[in-house]
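**Student:** Residue strings, one per chain:
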Amino acid sequence: MKYLDEFRDPILAKKILAEIHKTVTKPWVIMEICGGQTHSIIRNGIDQVLPKEIELDHGPGCPVCVTPLEIIDKAIAIAGKPNVIFTSFGDMLRVPGSKKDLFMVKSEGGDVRAVYSPLEALTIAKNNPKKEVVFFAVGFETTAPGNAMAIHQAAKEGIANFSELVSHVLVPPAMEALLSSPENRVQGYLAAGHVCTIMGWEEYDPIAEKYQVPIVPTGFEPVDVLEGILLVVKQLEEGRYEVENQYLRSVKREGNQPAQELISKIYKITDRKWRGIGEIPQSGLSIREQYSAYDANLKFSVEDIQTNEPELCISGVILQGLKKPNECPAFGKECTPTTPLGATMVSSEGACAAYYKYQRMGK
Amino acid sequence: MCLAIPGKVTKIYSENGIKMGKIDYSGTINTACLEYLPEIKVGQYTLVHAGFALSILNDDEVKKSLDAWEELGEIIKDIDNKS
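As given, the protein sequences belong to chains A and B, one line each in that order. Residue numbers for the first sequence follow my numbering, so the first one is 1 and each next one is one higher. Residue numbers for the second sequence follow my numbering, so the first one is 1 and each next one is one higher.
Think of the hints as simulated: they come from the structure by calculation, not from any bench. Honestly, I wouldn't trust all of these hints.
To be verified - FRET-style restraints, in silico, Cβ to Cβ:
#1 A:T123 - B:K63: 37 to 43 Å
#2 B:I12 - A:P310: 47 to 53 Å
#3 A:L312 - B:D24: 43 to 49 Å
#4 B:A68 - A:E242: 15 to 21 Å
#5 B:A68 - A:K2: 15 to 21 Å
#6 A:S107 - B:A68: 52 to 58 Å
Unchecked claim - Examples of chain B residues lying across from chain A (beta carbon under 8 Å, computed):
#7 L3
#8 C33
#9 E35
#10 L57
Cβ coordinates follow ideal geometry from the N, Cα and C atoms, glycine included.
Produce the complete structure using the sequences and hints provided.
**Tutor:** Shown next as structure tokens:
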């Protein structure tokens with residue numbers, strides 16, 4: 001497929017790998033932000049062929065993984081209400097809440113549907129005017145334009161039985177939170193290519209400068225990831241810390257401006273709790289007051305949510321890059337993709353799921 | 001969740017006042033919202049995420065980055081031959 005095959009070329013990948021080996025002289029810790037990049041690294045064995053000096057830490061860039069348990073429990077409570085059709089991207093349906101997941105709500109008779117696009121949820125609302133249709137609006141900046149468009153369109157067409165349960169998160173505040181932690185080990189970032197496709201990379205300049213870390217917006221194919229690593233390593237070896245774009249074919253400095261405009265029109269920036277990490281100031285999006293009619297948080301009252309995180313799960317530490325999945329005592333034992341304790345084992349982009357699928361079982 | 005797939009725009013049309021397109025992913029056709037790419041044309045490639053086209057893929061940039069590695073490969077070959 002055009003724009004994929006060129007970036008999966010093994011000969012080109014070997015050239016870049018050789019260049020990385022030639023460039024590196026000191027140990028460096030690099031974090032790939034996005035779970036899609038983590039899967040590419042593990043699936044293609046990139047972690048196993050890099051020079052021993054380079055350690056890749058896996059970042060918190062999996063929206064499914066960082067959605068707080070309270071919101072999962074709230075989604076489960078809303079989905080169980082009799083007049084509700086609850087719609088979501090498929091990834092969220094198996095994420096364990098305190099007592100059950102959304103699939104279990106469906107098996108108990110709830111109307112829970114996986115959709116490909118938020119506009120599909122809007123069509124369901126139009127076709128079911130007597131039902132309340134709720135869309136679980138989870139994601140990073142990449143997904144926000146679509147979710148914003150669904151509300152914009154609902155308002156334009158006067159579709160009153162549609163609402164969103166929003167748990168949007170923003171990448172740069174999380175990158176900064178990790179860098180400012182006393183436990184931080186990260187010396188350079190591969191930034192998430194599709195987040196940057198929407199937002200551009202101007203907001204990374206002050207982070208690179210303040211924390212003196214190279215930041216490289218990077219794509220997802222093996223050649224992209226290797227080239228991203230090479231650009232970070234070159235900067236580290238030369239003592240530079242700049243934002244340097246690897247994902248040239250998709251990312252522009254200014255990002256996608258029409259998308260940014262609609263995101264700002266529908267949502268406002270808010271403090272947000274990240275599952276396993278805690279609250280990060282100004283790291284999320286919520287629906288603006290003028291669109292509050294589409295806010296499922298306000299439309300449905302859900303009382304008495306008592307969250308219960310499994311004690312064995314260390315996904316919070318994994319999401320901060322402080323431990324690898326195979327260092328968790330429950331990994332591959334109590335916790336597997338069929339019996340997940342945490343979202344990092346459920347999500348198609350979770351680091352634990354990647355380690356399990358590609359058999360990085362540890363010692 | 002942030003994955004996006006490249007596809008070729010084969011048709012542009014309007015649905016409920018929204019700019020939509022048919023996208024060809026190597027033979028599989030699906031629809032995507034093109035509202036965020038006002039300048040996109042039929043025949044161009046785009047990255048689609050959750051039913052929304054995010055960017056027009058830039059052929060010149062692809063060629064530039066691949067050519068740079070091609071040249072580097074030639075340089076490495078020359079160095080190897082001389083040593």
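**Student:** Each hint needs a verdict: does it hold in this structure or not?
**Tutor:** Going through the hints against the structure:
no.	hint	in the structure
1	A:T123 - B:K63: 37 to 43 Å	39 Å, holds
2	B:I12 - A:P310: 47 to 53 Å	48 Å, holds
3	A:L312 - B:D24: 43 to 49 Å	46 Å, holds
4	B:A68 - A:E242: 15 to 21 Å	18 Å, holds
5	B:A68 - A:K2: 15 to 21 Å	19 Å, holds
6	A:S107 - B:A68: 52 to 58 Å	54 Å, holds
7	L3	5 Å, holds
8	C33	6 Å, holds
9	E35	6 Å, holds
10	L57	5 Å, holds
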